[in-house]
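2 protein chains.
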Amino acid sequence: MKENQIPYKTYLTEAELPTAWYDLRADMPNKPAPMLDPGTGKPLTAEQLSGIFCRELVEQELNSDRAYFPIPEEIRDFYKMYRPSPLVRAYCLEKVLDTPAHIYYKFEGNNTSGSHKLNSAIAQAYYAKHQGLKGVTTETGAGQWGTALSMACGYLGLDCKVFMVKVSYEQKPFRREVMRTYGASVTPSPSTETEVGRRILAEYPGTTGSLGCAISEAVEAAVTTPGYRYVLGSVLNQVLLHQSVIGLEAQAAFDKLGVKPDLIIGCAGGGSNLGGLIAPFMGRKLRGEEDYRFLAVEPASCPSFTRGRFAYDFCDTGRICPLAKMYTLGSSFIPSPNHAGGLRFHGMSPILSQLYADGLLEARAVEQTEVFRAAELFARCEGILPAPESSHAIRAAIDEALACKETGKELNILFGLSGTGYFDLTAYQQFHDGQMHDSIPTDEELARSFATLPKVPGLDE
Amino acid sequence: MKENQIPYKTYLTEAELPTAWYDLRADMPNKPAPMLDPGTGKPLTAEQLSGIFCRELVEQELNSDRAYFPIPEEIRDFYKMYRPSPLVRAYCLEKVLDTPAHIYYKFEGNNTSGSHKLNSAIAQAYYAKHQGLKGVTTETGAGQWGTALSMACGYLGLDCKVFMVKVSYEQKPFRREVMRTYGASVTPSPSTETEVGRRILAEYPGTTGSLGCAISEAVEAAVTTPGYRYVLGSVLNQVLLHQSVIGLEAQAAFDKLGVKPDLIIGCAGGGSNLGGLIAPFMGRKLRGEEDYRFLAVEPASCPSFTRGRFAYDFCDTGRICPLAKMYTLGSSFIPSPNHAGGLRFHGMSPILSQLYADGLLEARAVEQTEVFRAAELFARCEGILPAPESSHAIRAAIDEALACKETGKELNILFGLSGTGYFDLTAYQQFHDGQMHDSIPTDEELARSFATLPKVPGLDE
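From first to last, the protein sequence lines stand for chains A and B.
Residue numbers for the first sequence follow my numbering, beginning at 1 and rising by one.
Residue numbers for the second sequence follow my numbering, beginning at 1 and rising by one.
Fair warning: there could be bad hints in the mix.
As the list claims (entries may be wrong) - Derived lysine-lysine pairs resembling BS3-like cross-links, with alpha carbons at most 25 Å apart: (1) A/260 / B/80; (2) A/95 / A/285; (3) B/455 / B/256; (4) A/80 / B/134; (5) A/80 / A/9; (6) B/256 / A/80; (7) A/9 / B/80; (8) A/129 / B/134; (9) A/129 / A/260; (10) A/9 / A/95; (11) B/80 / A/256; (12) B/9 / A/256; (13) B/285 / A/80; (14) B/455 / B/409; (15) B/285 / B/80; (16) A/9 / B/9; (17) B/9 / B/455.
I should point out that these hints are in silico values taken from the structure, not numbers from a laboratory.
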């Protein structure tokens, strides 16, 4: 397609929607390291994992060779409620930046959860339902995942219990109300409802919570309640698998347009949006079919890739979860309460961590006042008020497009606009009122949390 | 297209987007009555109106014979940021209702203003900009119109001053923050910034405000500030003209699908969404090309059509605006503060009023607890948390679909889903907590506000 014929928005038809998820692990030269039992240091078996996760999800979690998993019809029907998501050419942003770069974004915010999280929520709820379970538990940070899971469970008639990081629970009262609309119960974390919650409250009175801590509570609630399993919105291999629908749609749309993105940018907290967006493109790169640059953008206040260690660590603060090999700041790391929105997990997807370790993925940390400046500029010219999380990717995309003004390169930039900021207005207000500042952990703070990295039996002993 | 091939969502391509707005007045057998000067009782001239409105908008306001107005290219480019909006087949809702009816909705909420209001906001801001004006003033009730105008002005670099009905300003603090993101200033109304505001505050201390009162303030601010004009998000003929883009897109999509809607439903406050949605369909009906039923749904707490009088009345509480002939509850009518969301205007679009008087449009009033029941059901099965306003149309669409279970009719129902409820969570919370009740004005209350209907010189004397 000629450059001037590229529409503002490209939607696939329903017939063109992906019918199978793509598992990037099938094409990775170095597979991500397996999850370990913290007691024995041995890889977790399917049997061990099935106490926490549904059976089908365990199979997906442990896969390493299978490239495609068919998407069940019921999930594809649900996807049709809010998918395909548009691939947008950011003509207005390009004009304001006066850049020779061509900027595209894949917009995942056109649903009530406000983000891409719904792609995996419906998959995980579906498998729970088909295993005959009564309900699921989970944690949520900024609230997007909890809302997504509430929607999926409401649709399928499953119980849904959400532990919400306390600082977000207080900053985002309306998120709770949306989850309630979809029939979920929401508890601020740490809570007194679980043993691990009570322990953390005793150790850190007045804590504003963390994603790692909420995970501990949700896992405990799942394994101690018959008929329940735990579900997680990011980090896990299965989640990246489900989120591949983002990249598959984007790739199909680019192929239709006859355009090749040169640089693919995503924000990274646990890695679900970034991992899903890049998966099929990275697959082509790994198979030697095409070349791309990939860039992960993370908050300077929670810099897992750029300042973390590639090591085995607990996925939760309460240290009751399995060990995963990933870039981590240490499971005791809690970002400053001043940090807005999600992207507050101490670790990172093992798949993305392996890619980063292998030099296949770049990473950059950005400060939040700069992120909100980019968010406001984007909102004014593209008409979408972006989520703080997604605005990390916007920041980097704008910076790269501005760099093209120097080089004159007509770079094709694709970034993931993972969601909207309609429930993040408290953070926008702080930004407008000049009350937002950057809070970057010191080397000493990081050293203290690195000191809590676990010794792995057989590896570190 | 065969019934089972109809997709969940139908998007027109950008090449299929309307290039001209359609003015229903061209096909109306009885034209809406002209606006009158309250002092003389004579129709307002273009010259008189141009003190309030931009020149091009005056021409559109006074039109009666011209069927099409080309949409300027800059506006069409802006439309491409968030249009085409999808025509959605509500398969999930149909399944839950177990109805033989086929339900479609035209979803206008996929933009940060959260509603259809942006369609007219960009048009009005564009004409102000091209007349060389410095800024515009307006009022907003639930905040959708104010947000939309802020977005349009932010995009074009125009000043934007919004008077926001006090009860909404307090119930929706985040709406203010969105408008701020787009660079607007927001004042709760009634305020002490205008003469009319001070007069209303003196007369009704502690009033929670009304749209009619905010209009008075915005008009006064416009006519007393050089380089400013007033813009309005509903009621006016020009607004219905711009909003015809909704109906034109919907009609083109139905024509593509080979489906004819039998019943077209919209919520009605001032009439902008309903008027825009039905315009081209009503045009076909009036030209004898096709037949449809049209249904306006209004709140029982502000029942302009179903309990109002068809008479000349002021468009504002402060009685400084021109007189319009419309269904009205009297310009002193203020709905109960318990009434959630918009649809709180005392009058109604003169175009829709004439159609209703001529028996071409039906109307129904619904109570708000029933509206929120419909909203919650819709959110759970269709994945979109609807605006309270739009949920009036959902309520009626569900009731009509349920009636089809009795008759067995495979009715094609189209309703306007004018927006999302992401900023209306306070109302949802009241609903969930059982604190929402219906507040229907008594006959005595209405008699008191009817008593304030103006005498028109030459007509009533």
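Is residue 285 of chain B within 25 Å of residue 80 of chain B, Cα to Cα?
Distance of about 29 Å is beyond 25 Å: violated.
Taking only the CA atoms, is the gap from residue 129 of chain A to residue 134 of chain B under or equal to 25 Å?
Violated. Residue 129 of chain A to residue 134 of chain B sits at ~58 Å, over the 25 Å cutoff.
Against the 25 Å threshold, does the CA-CA distance of residue 9 of chain A and residue 95 of chain A hold or violate the hint?
holds (16 Å)
Does the structure keep residue 9 of chain A and residue 80 of chain B at a Cα separation of 25 Å or less?
holds (8 Å)
Between the alpha carbons of residue 95 of chain A and residue 285 of chain A, is the straight-line distance 25 Å or under?
Given that 25 Å is the threshold and the Cα spacing comes to 31 Å, the pair is violated.
If you draw a straight line from the CA of residue 80 of chain A to the CA of residue 9 of chain A, is it 25 Å or shorter?
This hinted pair holds, its Cα atoms lying about 17 Å apart.
Pairwise hint evaluation, residue 455 of chain B against residue 9 of chain B, where the allowed Cα distance is 25 Å at most:
violated (50 Å)
Straight-line Cα separation of residue 455 of chain B and residue 409 of chain B no greater than 25 Å?
Violated - the C-alpha atoms of residue 409 of chain B and residue 455 of chain B are around 48 Å apart, more than 25 Å.
Straight-line Cα separation of residue 256 of chain B and residue 80 of chain A no greater than 25 Å?
holds (19 Å)
Given hint residue 80 of chain B paired with residue 260 of chain A - CA-CA distance at most 25 Å:
holds (23 Å)
For the pair supplied as a hint, residue 80 of chain A and residue 134 of chain B, is the alpha-carbon distance within the 25 Å limit?
violated (44 Å)
Taking 25 Å as the top limit, are the C-alpha atoms of residue 455 of chain B and residue 256 of chain B close enough?
The given pair, whose Cα atoms are some 50 Å apart, is violated under the 25 Å limit.
In summary, the structure is inconsistent with hints 2, 3, 4, 8, 9, 13, 14, 15 and 17 from the numbered list given earlier, while agreeing with the others.
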